[in-house]
Amino acid sequence: MRYAVKIAFRHFLSSPAQTALLISGVALGVTVFIFMSALIGGLAQLLTLRTVGSIPHVTLEMRERSPGLINPVTGAQLAVQKDLSRRQQIAVWQPFIAQMESASGVIAVSPQIRGSAFLIRGQAIAPVGVFGVLPDKLSAIADISSAMVAGSATLPSDGILIGWKLADDLGLHVGQAIQVRSDRQRERSFRISGIFSLGIASADRQAIYMNFTTARALFDLPSGISRIELKVSSVGQAPRLAEMLGRATGLKVTSWTDENAQLFEALDAQSRTGTIIKVFALLTIMIGIASAMLLSVMRRRNEIGIMRAAGVGRLFIVQVFVLEGTLIGATGSIAGALLAWAALAPFPPIAQVKSGGLPIDVGQGGILIAIVLTTLAAAIASILPARRAARVDPVEAIGQ
Amino acid sequence: MSDTPLVRARGLVKRFGSGDAESTVLHGIDVDLYRGELVALQGPSGSGKSTLLSILGTLMRPSEGTHMMMDADLAEADDGELTRFRNQNIGFVFQFHHLLPDLTAEENVMMPAAASAGRETAAMRTRAAALLDAVGLSDRRHYRPGAMSGGQRQRVAVARALINAPALVLADEPTGNLDRESADNVMDLLGRFNLETGTCFLISTHDVKIADRCSRQVGLLDGRVVEGKG
Ligand SMILES: Nc1ncnc2c1ncn2[C@@H]1O[C@H](COP(=O)(O)OP(=O)(O)OP(=O)(O)O)[C@@H](O)[C@H]1O
Ligand SMILES: [Mg+2]
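Taken in order, these protein sequences are the chains called P and F.
At the far end of the first sequence sits residue 400, using the numbering used here, and the numbering has no gaps.
At the far end of the second sequence sits residue 230, using the numbering used here, and the numbering has no gaps.
Hints listed in this document are in silico derivations from the structure and should not be mistaken for laboratory results.
By construction, the Cβ of each residue, glycine as well, lies at the ideal position given by its N, Cα and C atoms.
Any given hint could turn out to be false.
[As the list claims (entries may be wrong)] Anything over 12 Å on all C-beta distances counts as not near chain F; from chain P, calculated: (1) I7; (2) L21; (3) Q94; (4) Q99; (5) S116; (6) S146; (7) L267; (8) D268; (9) S271; (10) M307; (11) A310; (12) L339; (13) P346; (14) G366; (15) G399.
[Stated by the list, open to error] Capping the alpha-carbon separation at 20 Å, the derived lysine to any residue pairs in SDA-like fashion look like this: (16) K6(P) <-> H142(F); (17) K6(P) <-> T104(F); (18) K6(P) <-> T24(F).
Could you put the whole structure together from the sequences, leaning on the hints where they help?
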């Protein structure tokens, strides 16, 4: 094998221009491979980041209570009606908060009062969803503070924050007074402390943020709360955490992944497309190497004949040409990897990608995989030409 | 001459093609070659010299006949066995000094030994250096074929044929492509190696002067052995 490596190396170095050209071809294919991996990976990361950026990763609510069925008397009809007078609320919640805040990977815990209400200004009425949050947890889930377009991100007991679309619809400004009537038919007046723009249409049109304590009164929840929302440091951990919390608390716990199946479908389709492109890049490399090696075998027919006449076995000939192809694949893929790395490294981290910019994550370029796969593909592509080399008839090739 | 021949071929027939295109090139050749012999194979162009050498060198199988060498029945051996046999026992020198262009003179000489061992060894290098010295090319050890003259290349080819100390060297018009001086030079070498090592040489040639320097002549005409001198 050592001697076969030596001969393969000599072949590899024998016509530098041709070898360089071949290597560039392989390198280009590998660059495409790595670029696709980095782009698909980056895109997935960006979409995930954008999706999970303003939503809770794990939500805890009260389980829906269904009345137990009594064994129906034969022939009788049974109608089941939910007790609407009872609110869905988490009655005991304070002990959970500290516990969850200390759980590993949890970066924010926000207990909330949620409910429906109407915003009333003169004749105009708009339905809204109320987020009653603790003032220091205002930006725990959606980053309201940095989304403010007017006013300030504070929650005094008589202040509310509204989205810019709602402000637009009703012609509201910071400092103006406004009536809020809850679905419990309680009504009080607030002052608009600030206007935000989250970039999410539903939130910008329908969400209003108010002080946790004020919301309690508005929605008749003297001690319980509607839900607890969590954020975690690595979003992939959310489903596991949700499952664990579900068992521990007995509450209804949902992970962000449960409600974003579409996102995962899209990411899946994307990564399949990427795979197809990568397979074609590899195939192109294989065809290139196979045809180059076939030419090399033709060119060296005479040399192969001499070796065979000198009693060199067919296996040795196969080894030489497979090694030569592998060498081209390995050098080309390393060159391509360096090229791709140099070209992709300057791209900003995904979190800093501006709209219109390419989300490239070099870390997901699969550089090592690209090198290994390409080298392997080159070796496989060389087998056919190498076998042809081994079948060269020495008498014909020497042609005396 | 010892009694048991190194090579014994009987009734070698070689046919090419089939059907209407079939042609018989060798019509039942009998040859015996003995250790220490220097034999000239003479005959006009197309008489079948190269074909016979290819068969005796196991590069080609006869259509009919038996071919024994050193107690091995070469007509019955498979390709792998023939390859190994050739590597150990037969050396070739061709008309167009066929060297590997990417190897130096010394590496070319070592090639048959290195390929079967899987690597180049110090012992091979020593032997190759001695052979190159014997053919007067010690100063060209590290030259590639492209940087050597035709005569020099042919001398490297002679050294290569001898690296595994074969019992038989087959030379197909080894001087056919060389000028008088280089041709004499190569023939001197073959004669010297024949004397010093007892290796049997079978040399095909058109050249009467070269045939005259051999210990025996075998004549070939239209694929049949004709009466040889000596
Ligand atoms: N592969 C082949 N197919 C068909 N005919 C062949 C083949 N090889 C050789 N021949 C024929 O066999 C005959 C002998 O050829 P060979 O090469 O052995 O002659 P030679 O004596 O070596 O001639 P020269 O002195 O010109 O080298 C020629 O007529 C040639 O055309
Ligand atoms: Mg000939």
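Hints, verified against the model:
1. Once the 12 Å rule is applied to beta carbons, I7(P) is inconsistent with being away from chain F; the minimum gap is 8 Å.
2. Chain F leaves L21(P) outside its interface by the beta-carbon criterion, the shortest separation being 18 Å against a cut-off of 12 Å.
3. Look at Q94(P): its CB is around 77 Å from the nearest CB on chain F, clear of 12 Å, so calling it non-interface holds up.
4. At the 12 Å boundary, the C-beta of Q99(P) stays outside the reach of chain F, the nearest C-beta of that chain being 68 Å off.
5. Every C-beta of chain F lies more than 12 Å from that of S116(P), the closest at about 83 Å, which supports listing it as non-interface.
6. No beta-carbon of chain F is positioned within 12 Å of the beta-carbon of S146(P); the least distance is around 66 Å.
7. With a least beta-carbon separation of about 51 Å from chain F, L267(P) lies farther than 12 Å from that chain, consistent with its non-interface assignment.
8. Annotated as non-interface, D268(P) keeps its C-beta farther than 12 Å from every C-beta of chain F; the closest such distance is 49 Å.
9. The Cβ of S271(P) sits about 45 Å from the closest Cβ of chain F, beyond the 12 Å cut-off, so the non-interface label holds.
10. Distance to chain F contradicts M307(P) as a non-interface residue, since its nearest Cβ pair spans about 7 Å, not more than 12 Å.
11. A beta-carbon of chain F comes within 12 Å of the beta-carbon of A310(P); the shortest separation is about 4 Å.
12. No Cβ of chain F approaches the Cβ of L339(P) within 12 Å, the least distance being about 28 Å, so the stated non-interface status holds.
13. With a least beta-carbon separation of about 41 Å from chain F, P346(P) lies farther than 12 Å from that chain, consistent with its non-interface assignment.
14. Against the 12 Å criterion, G366(P) stays outside the reach of chain F, whose nearest CB is about 35 Å from its own CB.
15. A beta-carbon of chain F is positioned within 12 Å of the beta-carbon of G399(P); the least distance is around 9 Å.
16. Proximity of K6(P) to H142(F) is assessed by CA-CA distance (about 16 Å); at most 20 Å being required, the pair is judged to hold.
17. Among the hinted pairs, K6(P) with T104(F) is consistent with the structure: their alpha-carbon atoms are about 13 Å apart, no more than 20 Å.
18. Taking the CA atoms of K6(P) and T24(F), the gap is about 43 Å. The hint is violated against a cut of 20 Å.
In the structure shown, a violation is registered for the earlier hints numbered 1, 10, 11, 15 and 18, in ascending order.
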